[in-house]
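J.: Read top to bottom, the protein sequences are chains A and B.
Numbering follows this note's numbering, in which position 307 of the first sequence is assigned residue number 307; successive positions increment by one, without gaps.
Numbering follows this note's numbering, in which position 185 of the second sequence is assigned residue number 185; successive positions increment by one, without gaps.
These aren't lab readings, by the way, just hints derived from the structure by calculation.
In this text the structure is predicted, and so the values were computed from the model without any measurement.
You may find that some hints are simply not true.
Taking lysine-lysine and the PhoX-like style, the derived pairs with C-alpha atoms no more than 25 Å apart in a straight line are [what the hints assert, rightly or not]:
| no. | chain 1 | residue 1 | chain 2 | residue 2 |
| --- | --- | --- | --- | --- |
| 1 | A | 106 | B | 20 |
| 2 | B | 172 | A | 245 |
| 3 | A | 212 | B | 20 |
| 4 | B | 20 | A | 245 |
| 5 | A | 120 | B | 172 |
| 6 | B | 150 | A | 248 |
Derived coverage of chain A by chain B (criterion: at least 3 residues anywhere in the stretch with Cβ under 8 Å from a Cβ of chain B; other residues may be distant) [stated by the list, open to error]:
| no. | stretch |
| --- | --- |
| 7 | 30–38 |
| 8 | 130–137 |
| 9 | 188–194 |
| 10 | 205–217 |
| 11 | 224–231 |
| 12 | 306–315 |
From the three backbone atoms N, C-alpha and C, an ideal C-beta is built for every residue, glycine too.
Spelled out from the first residue to the last, the chains are:
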Amino acid sequence: MTPGKKRLSYSYYPGCSLHASGREYDISTRALFKALNVGLKEVPDWFCCGATPAHNVDELLSLSLCAKNLSLAEEVEGDLAVACAACFSRLKTTQHHLKEDDNKRKQVEVAIDGAAALNKPVKHILEILAREYGLAKLEESVKKPLVGLKVAAYYGCLLTRPPEVPELDDCEDPSIMEDVLRALGAEPVKWSHRMECCGANFTLSRPGVVLKLSNAILESARIAGADCIMVACPLCHGNLDIRQKEIKEAYGAPDSTLFGNIFGSELHGGSAPDQRDVPIFYVTQLAALAMGVASQSLGFESVITDPKPLLRDKQLL
Amino acid sequence: MKNKLMHLSNETMNIGFVKKVEALSGSSVRRCFQCGKCSAGCPMSAFMEHPPNRVVRLLQLGQGQRILAGRSIWYCASCETCTTRCPNKVDLAAIMDALRKLSWDADGPSKESYVQLANRLFIENIRTYGRQYELRLGAAFNMKSGQFLKDLMLGPKLISKGKLKMFHSKNKNIADIEGIFKRIEEMRKKGEAL
């Protein structure tokens with residue numbers, strides 16, 4: 001920290017996934033912030049933001065749950081840092097709607113029996129890394145550049161859409177993830193599916209949908225020559241990582257892949273489709289690795305598609 | 001359903017329903033001029049019998065029942081691509097939310113009740129525990145949907161990787177959360193909330 005400048009410090013809303021299936025996102029976020037000397041204090045007694053199911057069936061409930069969480073966050077100093085793309089989207093959406101619509105705000109304030117905290121800035125981890133900590137400083141802080149690692153940056157849906165809510169980046173052609181990757185010394189690849197939906201929470205009710213959409217994403221990353229995919233959402237991670245083996249089983253036969261069906265065997269040079277494992281990393285795992293954080297503190301043991309062979313191959317472990 | 005001839009008259013057009021959708025979603029339905037951009041970008045339209053642009057068209061024609069009878073609204077992934085790209089600022093994602101709420105409230109038989117079931121269990125978890133208890137969510141879904149063996153191999157793997165907690169504790173402020181649910185129910189009863 002430059003002298004005279006206040007140390008960055010944030011309140012932190014991890015969300016349910018980060019305490020369960022996305023635990024490595026939580027672990028690596030904390031490790032990264034510690035390495036960057038940025039403060040992070042968890043909001044006490046936060047509860048579920050309602051994610052997609054709540055707004056799917058009851059918008060008022062969804063807004064009220066988020067509004068209550070925002071007022072809990074008021075008790076902790078600093079802008080609110082959120083890692084999960086869905087929690088980020090819900091909290092920002094709530095602020096956006098309640099600022100625009102007095103009637104809704106009044107209903108929500110009755111529901112939560114208190115005032116809604118609409119002015120607490122909610123920020124995604126990517127935003128904090130790229131804009132507040134700053135790309136230049138991030139690059140300076142790198143101890144072990146991720147040289148030679150080709151990464152497909154996957155935005156998914158809720159980080160950028162609809163543009164007036166997250167206000168994170170361009171909603172059709174964002175670059176914040178690629179910028180962070182370059183600062184870390186990695187090589188972002190150009191690929192087609194960085195904004196496509198992975199099937200999201202259909203993973204519980206309609207896994208078949210998730211297998212189809214996620215297969216297209218993995219396939220697109222392989223075709224672009226990526227070694228791995230970087231995500232900023234625990235649900236995307238779950239769909240691409242946890243279900244990767246199933247996806248391969250479902251779409252593994254020659255020419256039965258999405259591209260195989262369209263282009264025949266030309267794309268695969270007449271051979272079987274590319275079935276490489278594609279490790280899925282959280283942005284904070286790659287960033288912390290580049291900051292020289294020991295790999296044991298990054299939750300790699302919780303990942304299903306083992307990233308260690310790739311990292312060893314690139315001499316990053 | 002798709003090929004059935006549609007007769008439009010004051011009797012067959014349920015304009016009240018459309019007004020409800022517009023009030024709930026805060027979005028105009030009439031602005032749509034059927035460019036089809038929403039459906040072109042929709043990752044789920046291949047699974048729907050009425051792709052997004054047709055859902056709006058059916059609403060314009062007062063044919064809400066046709067939409068609710070089908071599966072389209074339960075195949076929307078809420079990815080917001082449609083809303084983002086609409087040149088006329090029709091908030092289709094919000095309209096889908098409104099349609100799901102109206103379907104949920106009416107509690108009519110749904111061909112696609114699995115998604116409704118999953119949503120219901122998810123919300124029940126919030127009310128009971130404060131946070132998601134993923135093991136219970138998965139197990140309850142399998143029990144109630146009759147797919148006892150679904151993802152059976154995934155469970156032990158996730159537990160061994162620390163991704164699925166066996167036990168779960170309740171939030172300390174669970175009474176506050178219950179209060180939110182109760183107050184919303186009361187407001188609805190009194191007609192103070194949509």
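J.: Against each hint, give a clear statement of whether it holds in the structure.
T.: Comparing the hints with the structure gives:
1. A:106 to B:20: With Cα atoms ~19 Å apart, residue 106 (chain A) and residue 20 (chain B) stay inside 25 Å; holds.
2. B:172 to A:245: violated (38 Å)
3. A:212 to B:20: Not OK: residue 212 (chain A) and residue 20 (chain B) at ~35 Å, beyond 25 Å, violated.
4. B:20 to A:245: violated (44 Å)
5. A:120 to B:172: Measuring from Cα to Cα gives roughly 23 Å; hence the hint holds.
6. B:150 to A:248: Given pair residue 150 (chain B), residue 248 (chain A) holds - Cα atoms ~18 Å apart, limit 25 Å.
7. 30–38: violated (count 0)
8. 130–137: violated (count 0)
9. 188–194: violated (count 0)
10. 205–217: holds (count 5)
11. 224–231: violated (count 0)
12. 306–315: It is violated, with 0 qualifying residues against the three required.
Hints 2, 3, 4, 7, 8, 9, 11 and 12 from the list above are not met by this structure, while the remaining hints are.
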